[in-house]
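All chains, please: the whole structure from these sequences, using the hints.
Sequential numbering of the sequence shown, starting at 44, is according to our numbering.
If a hint is listed, it holds; no wrong ones were tucked in.
Taking lysine-lysine pairs in the DSBU-like style, the calculated list, with each CA pair at most 30 angstroms apart, reads:
#: 1; residue 1: Lys135; residue 2: Lys45
#: 2; residue 1: Lys222; residue 2: Lys163
#: 3; residue 1: Lys145; residue 2: Lys163
#: 4; residue 1: Lys165; residue 2: Lys190
#: 5; residue 1: Lys165; residue 2: Lys145
In short, the hints are calculated from the structure, not lab data.
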Amino acid sequence: MKTKMSEILSFISEEAVSRKMTSEEIAAHFGYDKHHFSRKFKEINGFSVVEFLSSLKVEKAIMELDEETRVIDLQEHSGFESSGSFTNTFKKYTGSSPREYKTEMSDIFYDIQRFENEDKGKSIAYFEEKHHSFCTVNIEVPDVFEKGIIFIGLFRTLIPNHMPISGLATKKLIGNELKNIPNGDYYLLSCAISRSNNILSYFNLGNSLRGKEDERLSFPKCSGNSYTIKLREPIPEDPPILVNVGKLLISSLKNTI
44 MKTKMSEILS FISEEAVSRK MTSEEIAAHF GYDKHHFSRK FKEINGFSVV
94 EFLSSLKVEK AIMELDEETR VIDLQEHSGF ESSGSFTNTF KKYTGSSPRE
144 YKTEMSDIFY DIQRFENEDK GKSIAYFEEK HHSFCTVNIE VPDVFEKGII
194 FIGLFRTLIP NHMPISGLAT KKLIGNELKN IPNGDYYLLS CAISRSNNIL
244 SYFNLGNSLR GKEDERLSFP KCSGNSYTIK LREPIPEDPP ILVNVGKLLI
294 SSLKNTI
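Laid out in structure tokens, this is it:
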């Protein structure tokens, strides 16, 4: 099953969500028993097929966000069966309800643009509480990325659908420090948001450059280490980026988290 995982992830991302397929139907499509499929899927990826499906649905809702779209329409288009499950899942993964998310976008966009125009060396850190562990992260970007915000974070799973354990919004490529990392095992992920006048570019991150450290990092064992992440264009099997990077950045600036 491991050798077929790229194909499975791509199928779920490109077809299963739009066809409103269940995890059992996806397993059957590839000739697996539901329980075996679910167990091996999580073992290989570090997240469940149900979490992957629901995250893709939330991403689809974010992609269709604009001032005119009604929340009920977002729910139906993204494949959620009820408004309750849609609202709860959306808030769990992004930190805001769909209605709040829409309302906050303009203010966040304004503050992001202000941060982009500030000193190039300025970075904004987020952490839950003070700890001794840290690591240094260098970023390599392709030529298509000219300027913008780079977000680096440590997450519990390979799907960034929750607040990072430790995060950093920066405009620097070299010498970025993630500090105050609690003991535990985490995934080091990064994405780049190109500078834009389109407000949705800062919330719909489906086309953003992204990258990761291949192995899960264990702290405090990895404290003091340096890592280099090479950002690339997205591919179909990539998990969606759902953490509201803009809100995280601005909340850290205003100390409201």
